[in-house]
Amino acid sequence: MRPSNGQGRKRILPWAKRPQLIAIIDEDESTQESLRNLLESAGFMARCFGSAEEFLESDLYREVECLIAEMQMPGISGLELQARLKGEQCNIPIIFIVSNGGARMRIQAMREGAVEFLAKPVDRHLLLETVRAALDL
Amino acid sequence: MLEYATVTYPEADPPDRRFESIIGNSAALESVLEQVEQVASTDSTVLIEGETGTGKELIAHAIHSSSQRYGRAFIKLNCAAIPLDLLESELFGHEKGAFTGAIAQKIGRFEMADKGTLFLDEVGDIPPALQPKLLRVLQEQEFERLGSGRTHKVDVRLVAATNRDLEKMVARGQFRSDLYYRLNVFPILLPALRERREDIPALVAHFVKMFSRRMEKQVDGIPPETMAAFQWYSWPGNIRELQNLVERAVILSRDGVLPNPLHKNQTELMIPRLHRTRTFHSSTLEDSDRALILETLEQAGWIVGGPRGAAAKLGLKRTTLLAKMRRLGISRPIPQEGIDVVGVARENAET
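The listed protein sequences derive, respectively, from chains A and B. Oh and the first sequence: position 25 is 57 in the working numbering, straight run, nothing missing. Oh and the second sequence: position 41 is 706 in the working numbering, straight run, nothing missing.
Excised from the complex, chain B in its bound form (with noise of 0.2 angstroms):
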C-alpha cells in the first residue's frame, strides 16, 4: 500500500488585527510610529513592551506592513497559550512520529513565516529549556524540525513583545541573558492609554462606530458624562478593555443614545467627589489633579474663563487652567466624525 505523507499545519490565527487602523495623534503614540518608522525598514528584531491591551500585536502587524516584508507572511504565535510541551513543535514543527502524538508531519512557525515577519507575543513565557533554540534560529536563521536531523535555513525577521520585565527576569536568572539582549535590539515601548488620554474620544468614537455597525445599532450620541467617564476612569486593561466597554454600552444603548457602560462604583471610585477626603484607586497626584479639574469643568458646563467659570472655582488663571488641561491631556469631549456628542449640559440632563 501506498502512503501517502500528511503534512498539518498550525490552525490559522483568527486575522483579527488586520485591517485595524491605528487610532489617535497624541505625542505618546506619535513617538511609538515615529519609531516604527524608523525600524521597520531593517530587519531587526524588535522587542515591544507594554501593559496587557495597549495594541502590542497591531504595532508588530504595522512594523511588518511598513518593512519590505509586508506582501509576505505575518505569522503569529502567542507563547503563554500554547502547553509548554506543545511550544517546541509549534515554533519548529515536527516529522511524524517524532512523538507519541506526532501523527503527521507539521510545519512550525518558523518555517511558515519565511521571508515574512514572525510575531512572538508574550516571548518571556518561553520556558528556559527552549531558550538556547529560539537564540540559535535568531542567529544562525536554521533549525531542525523534532525528529529530524536535516537543518533548515529560514530568512525571518522576529517581532516579539511581553507585558513582563525581562530584565528582572534575567537578572532572576529566569530568562538568558544572551537571548535577551539579542530581543532587546530595538525596544518599543508602548504606552498605557492612561498616558494617552486625549486619544480617547477617537477611540470610543472608532469602536462605537464598529460595534454600532456590527450589531445594527444606530448610536447617534455620546454623552458628555459617558465621555467623561471614559477620559476619568484608569484603564488598568487599556484600549482593550475600552473596546469591550464601548462594546457593552453599545449593546446597553437605547434611542441612538450611548449610556455609561461603567459601573457605578468604578465611577465613584474615580470621580472622587470635592468633599471627599479619602484617597481613590490607584492615586497619584496627577490622577486627582486630573479629577479635581474635570470634575470643577463639569460643573462649570465647560466654560474656563469668566467669573462663572471653571478657573475661577479652582483659583487658578484661565491660562494656567488650559496649560494645566493640555498636560493632563483633558480636553472637552467635541463630536467625533459622524458620531454627535449629545449636546445636553449635565446640569439640564439631571433637571
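Chain A with its partners taken away, still in its complex shape (with noise of 0.2 angstroms):
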C-alpha cells in the first residue's frame, strides 16, 4: 500500500475528485486489457483479476467504487459474488457481462443489489455510459 496515500487524499479539495477506482474481473487477458485501457482512456483507474477468487484476495474491494464481471465465471460465480461483498456490508454498484441466458438469474442479481446488465460483445460507448450512471449514484 501507498502510506501517503490516505493522508494525501484528504488535502485534496472535494471539488478536485481523484480518478475513481474500477475493478475489472474477466478470465480472458485480452478482454481484461481493452476493458482496462478504454476506461483508464476515460480517466478512471482501473485493476484487472482473471476471477472473483482474485478479486476477493485482493482486499481491493474496499475501494472500489465500480465493478464489472462476468456473470458466469468459473468458480465464484457473479450471483455468488454479489452475496459475498453484499455480506461485508460492501454494497458498490456492480455490471455484470452476460453472455447468454439466465432470465432467472439477472432477475435474482436485481434483488440483490445494484446491478445492470451488458451483453457480450461489450459496446464500448454503453459501457462507459453505464459506469457513469454507476457511479453517480
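Hints in this document: simulated from the structure, not taken from any laboratory. Hints are not guaranteed to be accurate.
What the hints assert, rightly or not - With beta-carbon atoms standing in for the labels, derived distance ranges:
(1) Glu112/A <-> Pro852/B: 46 to 54 angstroms
(2) Asp885/B <-> Leu92/A: 21 to 29 angstroms
(3) Glu89/A <-> Glu695/B: 33 to 41 angstroms
(4) Asp920/B <-> Asp60/A: 29 to 37 angstroms
(5) Pro153/A <-> Glu699/B: 25 to 33 angstroms
Claimed, not checked - Derived pair list, reagent style DSBU-like, types lysine-lysine, alpha-carbon separation capped at 30 angstroms:
(6) Lys798/B <-> Lys741/B
(7) Lys780/B <-> Lys152/A
(8) Lys761/B <-> Lys118/A
(9) Lys118/A <-> Lys152/A
(10) Lys152/A <-> Lys761/B
(11) Lys761/B <-> Lys780/B
(12) Lys818/B <-> Lys152/A
(13) Lys780/B <-> Lys798/B
(14) Lys798/B <-> Lys818/B
(15) Lys741/B <-> Lys818/B
(16) Lys741/B <-> Lys761/B
(17) Lys798/B <-> Lys833/B
(18) Lys741/B <-> Lys780/B
(19) Lys882/B <-> Lys118/A
(20) Lys874/B <-> Lys741/B
What the hints assert, rightly or not - Output of the computed footprint for chain A on chain B, the stretches with three or more beta carbons under 8 angstroms from beta carbons of chain A:
(21) 683-690
(22) 697-706
(23) 887-893
Treat the numbers as computed from the prediction; the structure is a model and nothing was measured. Don't be surprised by glycine CBs; every beta carbon is placed ideally from N, CA and C.
Both chains are given apart, each in its own frame, so use the hints to dock them into the complex.
And the structure:
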C-alpha cells in the first residue's frame, strides 16, 4: 500500500475529484486489457482480476467504486460474488457482463443489489455510460 | 457554402432507475416478479398499472433486463411530461423544417429504442389524435418522421404504464379501444405499498443506507416508534413518498438516530388512540384492526403471549393474534443489516 495516500487524499479539495477505481473481473486477459484501456482513456483507474477469488483475496474490494464482472465465471459465480460482497457490507454497484440466457439469474441479481447488465460483445459507448451512471449513485 | 446536417437527439433522461434494486419479499411482490419472468422472454407488449410511486419504471426496467434485449437500449418517455404538440415529434422524430422551430433533424424515441425496449409512462395521457399513430407502430413496427415520407422499420418492445383506469377511459371515449387491447396484452398490476406492508422495514433500511451514504451522515438506529409509524401510515404516495420521508428523516437525524419524520397530524390520524371513536383517514376495517393491534403490541412491548401480552389485552388467543398479524403484515421491527433498531422499549424511552 502507498502510505502517503490516505493523508494525501484528505488534503484534496472536495471538488477536485480523484480518479475513481473500477475493478474488472474476466478470465480472458485480452478482454481485461481492452476494458482497462477503455476505462483509463475515459479518466478512471482500473484494476483487472482473472477471477472473483483473486478479487476477493486482493482486499481491494473495499476501495473499488464500481465492479465490472462476468456473470458466469468458473469458480465463484457472479451471483455468489454479489452475495459475498453484500455479506461484507460492501454494496458497490456491479455491471454484469452476460453472454447468454439466465433471465432468472438476472432477476435474482436485481433483487440482491445495484446491478446493470451488458451483453457480450460489450458496446464501448454503452459501457462507459453505464459506469458513469453507476458512479453517479 | 456547404451546409452540415445537424441531428439532435432527445436529451438523455437521467439514468435514475438504473442500478436500483428490487426490495422486499412479500407475496404481492413475488407474484409481480413471477409475471415479469414469464413475460420478459417474449416480445409482447406489457401494460404496467399501479398507483403513483409504486415503482412502475423499475419493473419496466426489470422486464427489459431479464429479456433478451438486456444489452440494448432502454428508452423511456413520460407522455404526461411532454407538451402535447411536441409529443409526436418526441415519439417519432422530425425532419429539419417539418414545422416552425424544427431547426434540425431529430431522432424520435422509437428510433432510439430500436432493438431494445421503449417504456412509455403515463400512456393514458397520449392525446386521441396521436393514438392511431401509436397503434400503427405497435402493429406494423414502422413509422415516418414528421415532415418525411420515408418509412422507418424498427424492432421495439413496448412496455407501457399508467396510473389511470384505461378501461374507463375507453368507455368514456377518451382512449381508443383498439389501442387499449393492443397495449393490454399482458397487464401487470403493481400493489400499493399499503398492500405490502411487510416490505416496509426492508425498504426503510435500504433508503436509510442510501441517503446516509449520500449525505455522509451516519445513522445507526431506527427507533421502534419511527419504524412503527412507517408501518402504520397509509402511504398514498407509495414507495416514492416513503423514499422522500426517509430522506427527510436522515437530514433530521441526530446522533445517529433516525427520528419519525411523519408530521404529528399524520401520526395522530393514523394512530387512533384506544378511546378515540372518531374514524380516521382512509379507514377500512383492516386499517383499524391493524392500528389497534399495533398499538396494543406497542403497549405490551411487543410481547404477544402471557398474561401481560397483547393477545390477552385484546381478548384473543395467542395463535389467533399471530395469524392476524401475519395476515395484516405486522411484524416486530427487526434489526436490518448494518442498521440496528435501537433496542429501547417505548416505556423506557419516555421516562
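Going down the list of hints, with the structure as the test:
no.	hint	verdict
1	Glu112/A <-> Pro852/B: 46 to 54 angstroms	violated (35 angstroms)
2	Asp885/B <-> Leu92/A: 21 to 29 angstroms	holds (27 angstroms)
3	Glu89/A <-> Glu695/B: 33 to 41 angstroms	holds (36 angstroms)
4	Asp920/B <-> Asp60/A: 29 to 37 angstroms	violated (50 angstroms)
5	Pro153/A <-> Glu699/B: 25 to 33 angstroms	holds (32 angstroms)
6	Lys798/B <-> Lys741/B	holds (18 angstroms)
7	Lys780/B <-> Lys152/A	holds (15 angstroms)
8	Lys761/B <-> Lys118/A	violated (51 angstroms)
9	Lys118/A <-> Lys152/A	holds (25 angstroms)
10	Lys152/A <-> Lys761/B	violated (36 angstroms)
11	Lys761/B <-> Lys780/B	holds (25 angstroms)
12	Lys818/B <-> Lys152/A	holds (25 angstroms)
13	Lys780/B <-> Lys798/B	holds (20 angstroms)
14	Lys798/B <-> Lys818/B	holds (14 angstroms)
15	Lys741/B <-> Lys818/B	holds (19 angstroms)
16	Lys741/B <-> Lys761/B	holds (23 angstroms)
17	Lys798/B <-> Lys833/B	holds (21 angstroms)
18	Lys741/B <-> Lys780/B	holds (14 angstroms)
19	Lys882/B <-> Lys118/A	holds (20 angstroms)
20	Lys874/B <-> Lys741/B	holds (27 angstroms)
21	683-690	holds (count 6)
22	697-706	holds (count 5)
23	887-893	violated (count 0)
In the structure shown, a violation is registered for the earlier hints numbered 1, 4, 8, 10, 23, in ascending order.
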